[in-house]
Amino acid sequence: MTWNKIRPYLMISPAILVFSLFFIYPICYMIYLSMHDWNFVSPEKNFVGTANFTNLVSEKEFIEVMQNTFVYTALTVSLTIIIALILAVWLNKSGTIYGFVQGAIFSPHIISLVSISMLWMWLMDTDYGLLNWFLNLFGLPSVPWLTDPSTSLLSLAIVAIWKGIGFNTLIFIAGLQSIPRDIYEAAALDGTNRIRTFIKLTLPMLSPTLFFLTIIGIINSFQVFETISIMTQGGPINSTNTFVYYIYEYGFRFFKIGYASAAGVILLVIISIFTIMYFRLLARRVHYQ
Amino acid sequence: MAEIILKNISKKFKEEEVVKNLNVTIRDGSFTVLVGPSGCGKSTTLRMIAGLEQQSSGDIWIGDECVNDLPPGKRNIAMVFQNYALYPTMTVRGNIEFGLKNKKVPKKEREILIREISEIVGLTDYLDKKPNKLSGGQRQRVALARAMVKKPKVFILDEPLSNLDAKLRSQMRSELIQLHKKLGTTFVYVTHDQVEAMSMGDEIAILNKGTIQQMGSPMNVYHEPNNIFTAEFIGTPAMNIFEYNKVKDHLSNLSRKVKFVGFRPEHALLALTEKEKDAGYLKLASEIITMETLGAETIYTVKNEAGVMHIKSFIPPFENAKELLVSIPYEKLYFFDQEGKRYRSVSTRQMDTALAGGA
Ligand SMILES: Nc1ncnc2c1ncn2[C@@H]1O[C@H](COP(=O)(O)OP(=O)(O)OP(=O)(O)O)[C@@H](O)[C@H]1O
Ligand SMILES: [Mg+2]
Numbered sequence: 001m002t003w004n005k006i007r008p009y010l011m012i013s014p015a016i017l018v019f020s021l022f023f024i025y026p027i028c029y030m031i032y033l034s035m036h037d038w039n040f041v042s043p044e045k046n047f048v049g050t051a052n053f054t055n056l057v058s059e060k061e062f063i064e065v066m067q068n069t070f071v072y073t074a075l076t077v078s079l080t081i082i083i084a085l086i087l088a089v090w091l092n093k094s095g096t097i098y099g100f101v102q103g104a105i106f107s108p109h110i111i112s113l114v115s116i117s118m119l120w121m122w123l124m125d126t127d128y129g130l131l132n133w134f135l136n137l138f139g140l141p142s143v144p145w146l147t148d149p150s151t152s153l154l155s156l157a158i159v160a161i162w163k164g165i166g167f168n169t170l171i172f173i174a175g176l177q178s179i180p181r182d183i184y185e186a187a188a189l190d191g192t193n194r195i196r197t198f199i200k201l202t203l204p205m206l207s208p209t210l211f212f213l214t215i216i217g218i219i220n221s222f223q224v225f226e227t228i229s230i231m232t233q234g235g236p237i238n239s240t241n242t243f244v245y246y247i248y249e250y251g252f253r254f255f256k257i258g259y260a261s262a263a264g265v266i267l268l269v270i271i272s273i274f275t276i277m278y279f280r281l282l283a284r285r286v287h288y289q
Numbered sequence: 290m291a292e293i294i295l296k297n298i299s300k301k302f303k304e305e306e307v308v309k310n311l312n313v314t315i316r317d318g319s320f321t322v323l324v325g326p327s328g329c330g331k332s333t334t335l336r337m338i339a340g341l342e343q344q345s346s347g348d349i350w351i352g353d354e355c356v357n358d359l360p361p362g363k364r365n366i367a368m369v370f371q372n373y374a375l376y377p378t379m380t381v382r383g384n385i386e387f388g389l390k391n392k393k394v395p396k397k398e399r400e401i402l403i404r405e406i407s408e409i410v411g412l413t414d415y416l417d418k419k420p421n422k423l424s425g426g427q428r429q430r431v432a433l434a435r436a437m438v439k440k441p442k443v444f445i446l447d448e449p450l451s452n453l454d455a456k457l458r459s460q461m462r463s464e465l466i467q468l469h470k471k472l473g474t475t476f477v478y479v480t481h482d483q484v485e486a487m488s489m490g491d492e493i494a495i496l497n498k499g500t501i502q503q504m505g506s507p508m509n510v511y512h513e514p515n516n517i518f519t520a521e522f523i524g525t526p527a528m529n530i531f532e533y534n535k536v537k538d539h540l541s542n543l544s545r546k547v548k549f550v551g552f553r554p555e556h557a558l559l560a561l562t563e564k565e566k567d568a569g570y571l572k573l574a575s576e577i578i579t580m581e582t583l584g585a586e587t588i589y590t591v592k593n594e595a596g597v598m599h600i601k602s603f604i605p606p607f608e609n610a611k612e613l614l615v616s617i618p619y620e621k622l623y624f625f626d627q628e629g630k631r632y633r634s635v636s637t638r639q640m641d642t643a644l645a646g647g648a
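In order, the protein sequences belong to chains A and B.
So the first sequence is residues 1 to 289, counted in this note's numbering.
So the second sequence is residues 290 to 648, counted in this note's numbering.
Same shape as in the complex, but just chain A (with noise of 0.2 angstroms):
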């Protein structure tokens, strides 16, 4: 009787044992130093309560490294959507030419981000790069990639783009041909023209899919760290400093961890929210048969 109670505890607590250690204790332990000063090395942790918080929030810097990840998120997010909707449109048909698109595409997806952001530093160099060597032989002028403000949020979000949309497509493809093909024959006998057929038909039957690569794309961009690592540290002028590299910097350049461990709170409070609202949708099934 009591054995069989305990018996199922006993069988998941391995899992839970790893859950724990590896998961919530670094969250309980991140929130805990999150209302501490301390600099990593000395014995001392000065109890600071919500100071923290209270100073990143009136931080100029910080506002900006919230407003450079939104934009990025942004940016990036529907722009991956919008292409790798189009491409997996185009390139929903069996033949080996699009087979081999499809596998060019996806590609990128499988290279590291490492080797991708060195690629991308040269193709972007303002004065050796590739794509401005394009650029001017069309006689158009340089553009400066990476290294003006206004323009490097704009370039790592290409970067992240085309690491994204392979994925993304390939996603796509798999939810279009999800799509019963009589459905669209009823369509074609309704005479619906191809933009209708699109937009009423297409859309909403690939809704999931469409929700689920927003929240994935979502949250991996909200954590996006190593081309910004590799290409411009944050700069220039702070122009590309996002969340995840503010938090490595104030933790392992500058060593306040009580700080950066609070702007990582903030960092898992918003993607817990994407997090559960996936969930709730998922459940709730945006739509299907």
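It is worth saying that the hints were derived from the structure and are not from the lab.
Source: prediction; values computed, not measured.
The reader is advised that the hints may include incorrect statements.
[Claimed, not checked] Label-pair ranges, simulated between beta-carbon atoms:
#: 1; chain 1: B; residue 1: K301; chain 2: A; residue 2: V114; range: 51 to 61 angstroms
#: 2; chain 1: B; residue 1: G328; chain 2: A; residue 2: S107; range: 33 to 43 angstroms
#: 3; chain 1: B; residue 1: K418; chain 2: A; residue 2: A283; range: 15 to 25 angstroms
#: 4; chain 1: A; residue 1: L203; chain 2: B; residue 2: E408; range: 30 to 40 angstroms
#: 5; chain 1: A; residue 1: I86; chain 2: B; residue 2: K303; range: 25 to 35 angstroms
#: 6; chain 1: A; residue 1: I97; chain 2: B; residue 2: E304; range: 16 to 26 angstroms
#: 7; chain 1: B; residue 1: K301; chain 2: A; residue 2: F279; range: 42 to 52 angstroms
#: 8; chain 1: A; residue 1: S94; chain 2: B; residue 2: E304; range: 12 to 22 angstroms
#: 9; chain 1: B; residue 1: K303; chain 2: A; residue 2: S13; range: 57 to 67 angstroms
#: 10; chain 1: A; residue 1: S13; chain 2: B; residue 2: Q460; range: 52 to 62 angstroms
#: 11; chain 1: A; residue 1: N136; chain 2: B; residue 2: K301; range: 50 to 60 angstroms
#: 12; chain 1: A; residue 1: K93; chain 2: B; residue 2: G328; range: 19 to 29 angstroms
#: 13; chain 1: A; residue 1: I6; chain 2: B; residue 2: K456; range: 50 to 60 angstroms
[What the hints assert, rightly or not] Pairs of lysine-lysine, PhoX-like flavour, derived with a Cα cap of 25 angstroms:
#: 14; chain 1: B; residue 1: K393; chain 2: A; residue 2: K200
#: 15; chain 1: A; residue 1: K200; chain 2: B; residue 2: K419
#: 16; chain 1: B; residue 1: K418; chain 2: A; residue 2: K200
Even glycine gets a Cβ: it sits at the ideal position worked out from N, Cα and C.
Go by the hints and put chain B with the ligands onto chain A.
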């Protein structure tokens, strides 16, 4: 309303010819049923009429217009699909209304039409529900309503009842017949169920391997099959067909061309012993294998020199009997040649003399 004419229609998928040189005229206002075994090209034919599939060669006429190059939406056809093909993201109203909106029918008119149609098919209470909240029969009605609301010249239905249970199927069957009477529009209906074909169609086209075997009224194809395929396909139990050679002793003297003989299970008479002076019958002493009593009728499976055959009898069953005498009137026999084509020039007189000579 319109007549449909298929002229020399062929359809190839890659190298495989699935519809071969079809020539069919579907009468204006008829309820024509295309029936045939699975994979014989029924759906393909239907889809070519609808314009969802382009024929490899030949012309399709609807009314007095050649529709070869018209897209599906311009052919004035409504189709009901086997698995309904409702728009899952739209409500019942949205589904019915979609085609009208495409044609820019004004809102007021649309509402009148929807109310009218949903009353006919009994969906008024479900207009604001999504298809996934409906039962199979209700979805079927939505599909019908969506087709009807367009007031098409032709309705085509591809096995629309195959996903329903037996009871609902027979109910929908009679509803469709009534609907056809009410609308008077041409219906082209596909099924692989010959019972459905017989009970619904006023014209049946039997298709096999991409060619029309026979076309005619249900009674006509039942009583006057042109070939073995039609004879065996229509009717349950199927027509008994056996080689002429095996009964040559009883039926000699027939043309050399006759290779097969057949009769319908219900045309045989059964008796325990032979009565004298019964001329004019093919008599086969048979052994009973099984006997199914269905109440009004009894179906015997018997074995004799011609092979295994089914006999439908309406007289009280012969309990305990092991052997029976099966007698088939000469005028109820069907003859077929080597290719399975009906061989008609056999008269009963010829057979009578055959009997006299043989005995
Ligand atoms: N798009 C296609 N590509 C290749 N072959 C096809 C295609 N559609 C149908 N066929 C082939 O054509 C033949 C006829 O198919 P069709 O769907 O017309 O049969 P059907 O008579 O409707 O059968 P069922 O009763 O099973 O629905 C089949 O052998 C099928 O394999
Ligand atoms: Mg079919």
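Hints, verified against the model:
1. B:K301 <-> A:V114: 51 to 61 angstroms: holds, 54 angstroms
2. B:G328 <-> A:S107: 33 to 43 angstroms: With Cβ atoms ~42 angstroms apart, the hint holds.
3. B:K418 <-> A:A283: 15 to 25 angstroms: holds, 21 angstroms
4. A:L203 <-> B:E408: 30 to 40 angstroms: holds, 32 angstroms
5. A:I86 <-> B:K303: 25 to 35 angstroms: holds, 31 angstroms
6. A:I97 <-> B:E304: 16 to 26 angstroms: holds, 23 angstroms
7. B:K301 <-> A:F279: 42 to 52 angstroms: Given a distance of about 51 angstroms, which is inside 42 to 52 angstroms, the answer is holds.
8. A:S94 <-> B:E304: 12 to 22 angstroms: Holds, at about 18 angstroms.
9. B:K303 <-> A:S13: 57 to 67 angstroms: holds, 60 angstroms
10. A:S13 <-> B:Q460: 52 to 62 angstroms: holds, 57 angstroms
11. A:N136 <-> B:K301: 50 to 60 angstroms: Given range 50 to 60 angstroms: holds, Cβ gap about 55 angstroms.
12. A:K93 <-> B:G328: 19 to 29 angstroms: Given range 19 to 29 angstroms: holds, Cβ gap about 26 angstroms.
13. A:I6 <-> B:K456: 50 to 60 angstroms: Once the Cβ atoms are compared, 52 angstroms apart, the range 50 to 60 angstroms for K456 of chain B and I6 of chain A holds.
14. B:K393 <-> A:K200: Holds - the C-alpha atoms of K200 of chain A and K393 of chain B are around 15 angstroms apart, at most 25 angstroms.
15. A:K200 <-> B:K419: holds, 15 angstroms
16. B:K418 <-> A:K200: holds, 17 angstroms
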